[in-house]
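Asks: Line by line, the protein sequences are chains A and B. Residue numbering for the first sequence is 31 to 111, as defined by my numbering. Residue numbering for the second sequence is 7 to 237, as defined by my numbering.
Don't take every hint at face value.
[Said to hold, decoys possible] Facing chain A, according to a computed beta carbon distance under 8 Å, are these residues of chain B, among others:
#1 LEU25
#2 THR44
#3 VAL54
#4 THR100
#5 ILE101
#6 LEU108
#7 TRP109
#8 VAL183
#9 ARG186
#10 ARG218
#11 ALA220
[As the list claims (entries may be wrong)] Just so you have them, the derived chain A footprint on chain B, three or more residues with Cβ under 8 Å:
#12 65-78
#13 208-217
#14 224-236
In short, the hints are calculated from the structure, not lab data. By construction, the Cβ of each residue, glycine as well, lies at the ideal position given by its N, Cα and C atoms.
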Amino acid sequence: MTMSTFRSPARRVGFALGFLLLVCVSLGAREVLGMQQPATPQSLKPFWHVFAAYAVVIILVGGWAFSIARRLRDVERRLVD
Amino acid sequence: MVRIAGLRRGGIVLTLLGLAGLIGLYWMSFFWVSTELTQGIVQRIFYVHVPAAWTTFLAFGFCALTSGVYLWLRDERLDRAALCAAEGGLVFATIMLTTGPLWARIAWGTYWTWEPRLTMTLLLWFIYLGYFMVRSSTEDPERGKRFAAVVAIIGAIQIPFIHLSVLWFRSLHPQPVVVRPDGPSLPGDMLTTLLTGAAVFLVLFMGLFLFRYALETLRAEADRRARTSTI
């Protein structure tokens, strides 16, 4: 990742929001993991399923957004050429 | 140069709003909403699974509607809108089909079961995957677009059956808890979180749909220029 990746204000805000999402998920992880003490590997299973489901949302929506942005850049380059 | 600045601006604003809303939804789900008594923590998957399902049905429904009008009017903008909605619908359908089994593994003891609603939803996913294959399967792009429009309409016919399947057949999948004749059966905080999730997913879909539509408009312009220069 180069510095030019962060040049546009929209991208900067996007990265900041993405980072905040990750912080939110990890804080949530700490919160719910702290609810049950002591935790056995079996009892932690539902928590990991919740985190995996929430991560899937971020990955797929983020992946779609990045894929659109990449294709948009390519077409713009094609039009300029 | 075609004008896409408005679409782009709208897309950026809605997507950033949607991402901020997603942070809010995750916060509500982790720190605010009460834990369901029988299923425990895993029930929180509900707040992303159900909104993803609603957004999928909305996207595929919109795709079928624009496809139908495209077959009638043959306006390229309608075909572009259908394509963008189909892509978004497929993304949210994948979220629904991934988060559901993660929840089911804990709630039912299995990731997947061939019961009516799950089977029909998987079929819907494959039909819309076929939408993209059909589009690119013909040498004449116009023919591909027409065939794909028919596939989109056939796929969307399934949506009401998916909703009603849990009422018609014996099913492991829970009955509807919001869209019911006698009103929602959820406690207030759960309903608020669910509706927040639905609004967030809808805004995210709309934002990315506008971006995708801008891309398709530019691509059409690039193809037109390429054809003109060849002639």
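Asks: State for each hint whether it applies.
Replies: Against the structure, the hints come out as follows:
1. LEU25: Holds, about 4 Å.
2. THR44: B/THR44 check fails; min Cβ-Cβ to chain A is 12 Å, beyond 8 Å.
3. VAL54: The hint holds - B/VAL54 has a Cβ within 8 Å of chain A, the shortest such distance being about 5 Å.
4. THR100: 6 Å, holds
5. ILE101: Since chain A brings a Cβ to about 5 Å from B/ILE101, closer than 8 Å, the hint holds.
6. LEU108: Result: holds, 5 Å to nearest chain A Cβ.
7. TRP109: 7 Å, holds
8. VAL183: With a closest approach of 18 Å, the B/VAL183 hint is violated.
9. ARG186: 25 Å, violated
10. ARG218: Holds, about 5 Å.
11. ALA220: 7 Å, holds
12. 65-78: That given contact is violated, which follows from only 0 residues of the stretch 65-78 of chain B lying within Cβ reach (below 8 Å) of chain A.
13. 208-217: holds (count 3)
14. 224-236: holds (count 5)
Hint compliance for this structure: hints 2, 8, 9, 12 are broken, all remaining hints hold.
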